[in-house]
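Protein sequences appear in the order of chains A and B. The first sequence begins at 1 in the working numbering and counts up by one. The second sequence begins at 1001 in the working numbering and counts up by one.
Note that these hints are calculated values from the structure, not bench results. By construction, the Cβ of each residue, glycine as well, lies at the ideal position given by its N, Cα and C atoms. Some hints here could point you the wrong way.
As the list claims (entries may be wrong) - Here are the computed distance ranges between Cβ atoms for each label pair:
1) A/P78 <-> B/G1131: 51 to 61 angstroms
2) B/S1105 <-> A/E86: 22 to 32 angstroms
3) B/S1009 <-> A/S34: 50 to 60 angstroms
4) B/A1146 <-> A/S54: 29 to 39 angstroms
5) B/L1006 <-> A/V14: 37 to 47 angstroms
6) B/L1154 <-> A/P78: 25 to 35 angstroms
7) A/E111 <-> B/V1097: 54 to 64 angstroms
8) A/N115 <-> B/I1171: 43 to 53 angstroms
9) A/E127 <-> B/R1137: 19 to 29 angstroms
10) A/V14 <-> B/R1011: 19 to 29 angstroms
11) A/E127 <-> B/N1111: 46 to 56 angstroms
12) A/V14 <-> B/S1105: 35 to 45 angstroms
13) A/K160 <-> B/P1160: 45 to 55 angstroms
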Amino acid sequence: MLNRRRVVFAALAVVAIAAGIAAALQLREPAGMSGETLLAVSLPDPSGQAQPLSRWRGKLLVVNFWATWCAPCREEMPMFVKAQDEHGARGLQFVGIAVDDAGKADAFAKEIGVNYPTLIGGYGAMELSKALGNSLMALPFTVVVDPSGRIVLRHLGPVKPAQLEALVKRSL
Amino acid sequence: MRKRALAESLRRRLREACAPVAAAASLVGFVAIAPYIDAAAAELKLLPPDEAFRLAARALDTRTLEANYTIAPGYYMYRDKIRFAIEPDSGALGEVVLPPGKMKSDEFFGNVETYRDRVVIRLPLARAAPGQTLTLRAESQGCADAGVCYPPHLQRVTLPVPPVDGKPGPIVEVAVPKKPWFR
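The shape of chain A in the complex, shown without the other chains (with noise of 0.2 angstroms):
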């Protein structure tokens, strides 16, 4: 009779942890492209040439969408040259996507001295960060692919330095 009773309650916790992963699962939701299919996109740098995302597999590869028009873009960027600086070496590579017209994006990395591969993605890009989860739309948008080619950070609004710092330590 006890021994029942245990398989019954075990039974319902297996259950119940199935339900609460399922409820997980359905908040992230939104987020839905994967890593693989990231890699798989194309996109022109400033003058034109395409370069595939797939050229940085391997690496810890930080995607970050952002525009001219996004002053908390343009705020984080700083940030970035410098983690590209001191972490490139061990593998850490940048790559920004602009929702904006190649030459004021342009512009605006030069002047800043980005050190890391500005791609252009116009308006279309938007709808690219749409299918990685940035369900509104807003920018900065930032998706983090570990070496091993998985999505490890989907990230509205600026990145926090420690978690970058985090990722760093985690994945190289």
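Given the coordinates of chain A, assemble chain B onto it according to the supplied hints.
Chain B alone, transformed into the frame defined by chain A:
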């Protein structure tokens, strides 16, 4: 008889135990997966742009429209990114003078003017027939203090023009999308 009482008490205990066990287990499941959730928008609790920058408009008379933005606390709009047009007759709108905003210094663009809370804008109509309806197209761009900006945003309202010497037309608001039930 004793057997039946035992079964009954067992059933009752099982029922009582079910809820806490299920709750605890589902909490364990949720906590186990929670670190992997970064549904970014949920974290910042941001409003969709139609709700952050609410547009309402009306025709005051046959020669003037009035557009009114109600800006949610913690959000602001850029004065120089606001543009109006009448669709499809692009010549129907006269020159729009936007009220002065508040200066905000911007490292890259220098001083920019922004609006907060509420801004009322008068739009002179170059030509509109009394009683006709027209569509006002408003483009704007704004940000949240939480540290995000929205891309240029389009809103449209269809307004009836009042008859000559009539009362102002009704206020028409841009519909705010309903929230999904699970948010």
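Each hint, compared with the structure:
1. A/P78 <-> B/G1131: 51 to 61 angstroms: With a Cβ separation near 57 angstroms, A/P78 and B/G1131 satisfy 51 to 61 angstroms, so the hint holds.
2. B/S1105 <-> A/E86: 22 to 32 angstroms: Since B/S1105 and A/E86 have Cβ atoms about 29 angstroms apart, the given range 22 to 32 angstroms holds.
3. B/S1009 <-> A/S34: 50 to 60 angstroms: holds, 52 angstroms
4. B/A1146 <-> A/S54: 29 to 39 angstroms: holds, 33 angstroms
5. B/L1006 <-> A/V14: 37 to 47 angstroms: For A/V14 against B/L1006, whose Cβ atoms are near 27 angstroms apart, the range 37 to 47 angstroms is violated.
6. B/L1154 <-> A/P78: 25 to 35 angstroms: holds, 32 angstroms
7. A/E111 <-> B/V1097: 54 to 64 angstroms: violated, 33 angstroms
8. A/N115 <-> B/I1171: 43 to 53 angstroms: With Cβ atoms ~52 angstroms apart, the hint holds.
9. A/E127 <-> B/R1137: 19 to 29 angstroms: For B/R1137 against A/E127, whose Cβ atoms are near 22 angstroms apart, the range 19 to 29 angstroms holds.
10. A/V14 <-> B/R1011: 19 to 29 angstroms: Hint holds: Cβ distance 21 angstroms, inside 19 to 29 angstroms.
11. A/E127 <-> B/N1111: 46 to 56 angstroms: violated, 33 angstroms
12. A/V14 <-> B/S1105: 35 to 45 angstroms: Since A/V14 and B/S1105 have Cβ atoms about 58 angstroms apart, the given range 35 to 45 angstroms is violated.
13. A/K160 <-> B/P1160: 45 to 55 angstroms: holds, 50 angstroms
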